[in-house]
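J.: Protein chains in written order, with the numbering used here: chain A, 105 to 385; chain B, 114 to 434.
Calculated directly from the structure, the hints in this document are not laboratory data. Accuracy of the hints is not assured; some may be wrong.
Capping the alpha-carbon separation at 30 Å, the derived lysine-lysine pairs in BS3-like fashion look like this [what the hints assert, rightly or not]:
#, chain 1, residue 1, chain 2, residue 2
1, B, K307, B, K415
2, A, K239, B, K142
3, A, K155, B, K278
4, B, K164, A, K336
5, A, K239, B, K278
6, A, K272, B, K164
7, B, K415, A, K272
8, B, K164, A, K338
9, B, K429, B, K119
10, A, K239, B, K164
Since the structure is predicted, the reported quantities are computational estimates derived from the model, not experimental observations.
So you can see what is in the structure, the chains are spelled out below.
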Amino acid sequence: MPDIQKLQNLTTQVRRDILRMVHKVNSGHPGGSLGCAEFFVALYKEIMDTKDHFDMDGIGEDLFFLSNGHISPVYYSVLARCGYFPVDELNTFRLIDSRLQGHPTTHEGLPGVRIASGSLGQGMSVAIGAAEAKKLNNDNHLIYSLHGDGELQEGQNWEAIMYASANKVDNLISTIDLNGKQIDGATDDVLPMGSLKAKFEAFGWIVLEIKEGNNIEAILDGMSEAKAQTGKGKPVCVLLETEMGNGVDFMMHTHAWHGKAPNDEQLEIALSQNAETLGDY
Amino acid sequence: MNTIMKTYENTGNKDTRSGFGAGLTELGKTNENVVALCADLIGSLKMDEFKANHPERFFQVGIAEANMIGIAAGLTIGGKIPFTGTFANFSTGRVYDQIRQSVAYSGKNVKICASHAGVTLGEDGATHQILEDIGLMKMLPGMTVINTCDYNQTKAATLAIAEHKGPVYLRFGRPKVANFTSENQKFEIGKAVKLTDGIDVTIVATGHLVWEALEASKVLYEQGISAEVINIHTIKPLDEDAILKSVAKTGCIVTAEEHNYLGGLGESVSRTLVKNNPTPQEFVATNDTFGESGTPSQLMDKYGLNAKAIIEASKKVLKRK
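Extracted from the complex, chain A is given alone in its bound form:
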């Protein structure tokens, strides 16, 4: 049984990392990062089967692709806290000569990252390619990917969604961060997408919903069910309902913190709501 308290402690520390990273450089995307903190912690600590060293080909392990690359702070924090690179390196986020670019990239050779992302809508295609490579290599491990809900407005996703079911890419679990918000406001105001569940199902995917996407136990349950649904001839979609800015009261229930960093005072308040657990970098 996973130690939930331990995972929660890590999540709190990840939140502190996210806030401190974006504050230091007065840029970056805290809202979506905070909303996905529990998911990343659950994914890397409990859900995925990964090797203890990083290599690009990732044969013999589960792989993760982040399509909505702007939530790099949560990705970097969790990668560092899982040992992919030194936690101290979080200090270099978005600085000159850093491996921690504004959006994730392989270009500087940061361990844990296998594709550049940031220009939206490309990650599912890449994940499908990696899933097809796994099949060719007779590697039974799974491919995980994460996408923003607003990101699904990019047409390439629907090419990929169509392809994955038509070609029975059933070793793929694509999670949609359903926070209902994007830069310009609520997704329902910017470009309403209707029922994503109905859309994915119409495209031939198995769809699972995690209604409490900021509850680690709910995520663990939902994702283990998702794993159980792989290998059945269909790709698996997880609709993860999250709260943008989760864990910082003034960042929640608004899209205002999508791409804005807290000032000194705001940081102090935000950190006071997330007491240090594992030690700041």
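Take the given structure of chain A and dock chain B to it, following the hints.
T.: Quick look at chain B alone, frame taken from chain A:
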């Protein structure tokens, strides 16, 4: 001037895309990591045989080029060497951001193989006749850009790029054209091939214009002008030494390509010359225009992309020495 000019024999017209197909078929047998993807143009790209031989390594993605580029990038993660196939227009401009982020910036070992480049696609017209693709692709950091001249060279290039680690854009065409390079040539990426020795003018050509340059050199020779014809199959990285060595001798140069003069081979050559040895240059290329419907030879003539245009450009540049 030289008393004997080296000549080349056309062993029979063949399309360069069939050279790609033949190369891919061979790779299928010799390299189990090679996989191929196509966006609903298997017949046009001559990928039928690879598909028949290796259905498990062939991915029909449908009319969805952006997805094809992304899947290709993903397939490299796991050690595969993906070859994507569609028309040049849909291989570049349509999917530029996908290539930029998922392939070039990510440093993925994807081979983007593009047929029907340029006006010689013919009757389909300007929507399909891309004349900007070399420029688009050469601007991407880390991208190798190759434009082959005939069937044999396209086959050899297809084999060679599988051995090269890193993203490659391989450009070829639709029409049947002279096949004159040697059948079992070794293709060296980034290494120009000097086809004739000359002392009066250098003609640097790529793709379908290489044969036209040879035809032009024969006419020029009869008129007492000795042309050194160089086949630049690799536009990036450019074989600057070969170009500089030749112009040191001839003192003037004509570049010839089935592409817009903006962003093409000619511009890359100009940059090399300006930095090292400023030399009069004339451009045989399209003049910042779209193409149109017509037969390949009509279009090559109308847009000034044939031996006649190369002869005129050579005489013009000679006067500027």
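J.: Determine for every hint whether it applies to the structure shown.
T.: Verification of the supplied hints:
| no. | hint | result |
| --- | --- | --- |
| 1 | B/K307 <-> B/K415 | holds, 28 Å |
| 2 | A/K239 <-> B/K142 | holds, 20 Å |
| 3 | A/K155 <-> B/K278 | holds, 25 Å |
| 4 | B/K164 <-> A/K336 | holds, 26 Å |
| 5 | A/K239 <-> B/K278 | holds, 23 Å |
| 6 | A/K272 <-> B/K164 | holds, 19 Å |
| 7 | B/K415 <-> A/K272 | violated, 49 Å |
| 8 | B/K164 <-> A/K338 | holds, 24 Å |
| 9 | B/K429 <-> B/K119 | holds, 24 Å |
| 10 | A/K239 <-> B/K164 | holds, 17 Å |
When the structure is compared with the earlier hints, a violation turns up for hint 7 alone.
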